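**Student:** The primary structure of each chain is shown beneath.
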Amino acid sequence: MGRPRTLWLVTAGLTSLAALAACSSSSSGGSANTSGNSNSSSKAPYTIGVTIPLTGSAASFGVVSSGGMNIAAAEINAAGGIDGHKLVLKYEDDQLVPATAVTDMQDLASSNVSLVLTGGSSIVRAELPVATKHNMLLVNVAAQDDTFLTDSHYFTFIPTNNEELGQLASLVYKTKHLSKVAVIHSNDAYGASAAAAFISNYKALGGTVTEEEEHDEGTTNYSTYLLKIRASNPQGMVILSNTGEIGHIIAQSRQLGLSVPLFAADSALSPGDIQTAGSAMDGVEGVAVKFQPGSSTAATKFSDTFKANNKGIAPNSYSAISYIAVNELAAAMKTTGGDDPVKIAAYLKGIKSVSTILGEATPVPGKPVITYPIYEWLYSGGAVTQLNS
Amino acid sequence: MLLLLLFVSGGMQGAPIALAGIGFAIIWYTTKEFHFLYGTLLATSGYLLYSLTQHGVNIWLAAVIVIAGTALIAAGLENWGYIPLKNPLSVLLFSFGLAIVLQNVLQIIYGPANLIMPGNSLESKTLTVIPGTQATAQAIQLVALGAAIAVSALLAAGFKFTRTGLAMRAVMRDEEVASFVGIRPRRLRLLAYAIGTAIGSLGGIFTMINVGTSPTAGFTTMLYAFMATFLGAGMMTRVPLWGMLIGILLSVEAWKLPASFATLIVFALMLFYVIVRERFGRIKWRRLQASPVPAEAKP
Chain A
1 MGRPRTLWLV TAGLTSLAAL AACSSSSSGG SANTSGNSNS SSKAPYTIGV
51 TIPLTGSAAS FGVVSSGGMN IAAAEINAAG GIDGHKLVLK YEDDQLVPAT
101 AVTDMQDLAS SNVSLVLTGG SSIVRAELPV ATKHNMLLVN VAAQDDTFLT
151 DSHYFTFIPT NNEELGQLAS LVYKTKHLSK VAVIHSNDAY GASAAAAFIS
201 NYKALGGTVT EEEEHDEGTT NYSTYLLKIR ASNPQGMVIL SNTGEIGHII
251 AQSRQLGLSV PLFAADSALS PGDIQTAGSA MDGVEGVAVK FQPGSSTAAT
301 KFSDTFKANN KGIAPNSYSA ISYIAVNELA AAMKTTGGDD PVKIAAYLKG
351 IKSVSTILGE ATPVPGKPVI TYPIYEWLYS GGAVTQLNS
Chain B
1001 MLLLLLFVSG GMQGAPIALA GIGFAIIWYT TKEFHFLYGT LLATSGYLLY
1051 SLTQHGVNIW LAAVIVIAGT ALIAAGLENW GYIPLKNPLS VLLFSFGLAI
1101 VLQNVLQIIY GPANLIMPGN SLESKTLTVI PGTQATAQAI QLVALGAAIA
1151 VSALLAAGFK FTRTGLAMRA VMRDEEVASF VGIRPRRLRL LAYAIGTAIG
1201 SLGGIFTMIN VGTSPTAGFT TMLYAFMATF LGAGMMTRVP LWGMLIGILL
1251 SVEAWKLPAS FATLIVFALM LFYVIVRERF GRIKWRRLQA SPVPAEAKP
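Protein sequences appear in the order of chains A and B. Residue numbering for the first sequence is 1 to 389, as defined by our numbering. Residue numbering for the second sequence is 1001 to 1299, as defined by our numbering.
Don't read these hints as lab results, they were simulated from the structure. In this text the structure is predicted, and so the values were computed from the model without any measurement. Don't take each hint at face value.
To be verified - No farther apart than 30 Å at their CA atoms in a straight line, the calculated lysine-lysine pairs in the DSS-like style are these:
no., chain 1, residue 1, chain 2, residue 2
1, B, LYS1256, A, LYS203
2, A, LYS228, B, LYS1086
3, A, LYS180, B, LYS1256
4, A, LYS301, A, LYS133
5, A, LYS228, B, LYS1125
6, A, LYS307, A, LYS367
7, A, LYS90, A, LYS307
8, A, LYS301, A, LYS334
The task is simple: from the sequences and hints, build the whole structure.
**Tutor:** Now the structure itself:
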């Protein structure tokens, strides 16, 4: 009785040890690698962590963002990597849930990953303390909240709300000559910060906000908010809500007889919102960082590769920003000779100007932000027309 | 003028709540079971309508199929799922688990975002509700309001003038005593689930056509339906009125307060009303007990 049992235990123990050894050797985590490392015949890979929603309600963002990142990593590795070091993207699914994102960051920290790509205001807010504690650099590709800019462990490759919505305020006040508008926005991190940025810029130009309404995330019936806005007699209405909400707001504003000009940011151009808004979408204007596949040879090549890799899904500005972010991080690692977050941050802040698939990317002086040309657009006749050049 | 517009808008919001409340109340008053799956079935009705119409089925035929189908599903669930459990708490937990499973299935099939019906004339057509004012409503909202009124009237007549309606009222009052006089409670429980879910599905279909639906949309509707049922205090005729009032309050509170306070205000008022009702009810009962019985009434 005892011998077979002992044999079983020994077998189980050896099997476990073998499995543990196999897992360790296949792990993609890396310590703070330097170019001096060599591992018999190849150099140790550089790892960039990525915390984005791969499942859940925001999975569509994760698809377009990771698509851009994967293309960049593949191109870099095809060209020999970063000074011979293969670039590895270690994905963690945060489902756009802050608590999950914190766990992901801790997992990456335990794997000695020091550079992390991420997105979403609520996610960044949750992750920054972890990044500070473990001396990691958080590189953002989606959140536009200005409040993160003062954190030394943060860098962003997307224009902030102040940049983008400052231009929207200018479009509304200076170009369209509307001095009184109403604002409707979601009551989440994006909506609140976007509204604050627009309103402060608009008031600085001399405009007046007749009514500000904030709604719960995911609301589908906006009649109460829109009736109050209509009663305030605005000359226009600015919509700063999320994808999936804007289409309803646009459609219902027209149904309720609110015939003033409507303005929004780039989230209004999602296919779902355009379908929901229907004919009410005609005449809506706004601003966006816009990816135009035909704008350059590189942009066309990126677009074609993205569609080929992602079952025909077309890339958008988030895809392009993610692609640019990985490329610039790779350039930083090549120049600094490793993935030291302090050196990488200093390199990124020192970028003067770089040609990208989104146009000329320029830094915002004194801030850890890269910005791109922001386009003014008009939706008319089923198509988006660019108003400025 | 704003108050009038908010009142009209609230009435339109209240119609689907009234329908959902009627359906939930029939089930609750008859069986005393908290059918947690009810809300998710309402959302499922919307999704099924979408799928059928996308496959070329006429929208009205699709609606009939969906209503009949969900009614059968609910009756089957009661017969083979809830009744064997015997314990109301077990029914609640079982129903809750089913609701979570169904929500996730809907999310896997249709995605987590709000899904809308492709453009239809009922949703896009706007009509003036009060001539000479700016009070407007979508055609589908007016149809939902008419349906809520029609269903309420039909049910009131049914409960009063039909044998089945009277039997159901007896079961609502006391199932055990009803069985003593030859009424078959099990059959009426199944009927309650079928009719209640059918009425709720009607509301779910109207909501789908109007603003679309999402896997979690049914929970909020069920919450308001439960509120209307609870406030109805056992009287079916009051439930649709409470449903309409809830919709109106959700809108009218924005007249002087931020619109985002709607849910808070409505629930606070409900709590206040319940407390007052319970206290008033106790005072009334004590007075009835204290008052002397007239001599001629004594046996």
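**Student:** Next step is simple, just say for each hint if it's right about the structure.
**Tutor:** Verification of the hints:
The hinted pair formed by LYS1256 of chain B and LYS203 of chain A meets the criterion: a straight-line CA distance of about 25 Å does not exceed 30 Å. About 50 Å separates the Cα atoms of LYS228 of chain A and LYS1086 of chain B, which puts this hinted pair outside 30 Å; it is violated. A distance of roughly 21 Å separates the Cα atoms of LYS180 of chain A and LYS1256 of chain B; the hinted pair therefore holds under the 30 Å criterion. About 40 Å separates the Cα atoms of LYS301 of chain A and LYS133 of chain A, which puts this hinted pair outside 30 Å; it is violated.
Under the criterion of a C-alpha separation no larger than 30 Å, the hint pairing LYS228 of chain A with LYS1125 of chain B is consistent with the structure, at around 22 Å. At most 30 Å may separate the alpha-carbon atoms for a hinted pair to count; LYS307 of chain A and LYS367 of chain A exceed this at roughly 34 Å. Straight-line distance between C-alpha atoms of LYS90 of chain A and LYS307 of chain A comes to about 22 Å, which keeps the hinted pair within the 30 Å bound. This hinted pair checks out: LYS301 of chain A and LYS334 of chain A have alpha carbons roughly 24 Å apart, not beyond 30 Å.
Hint check: violations occur at hints 2, 4, 6; the rest are consistent with the structure.
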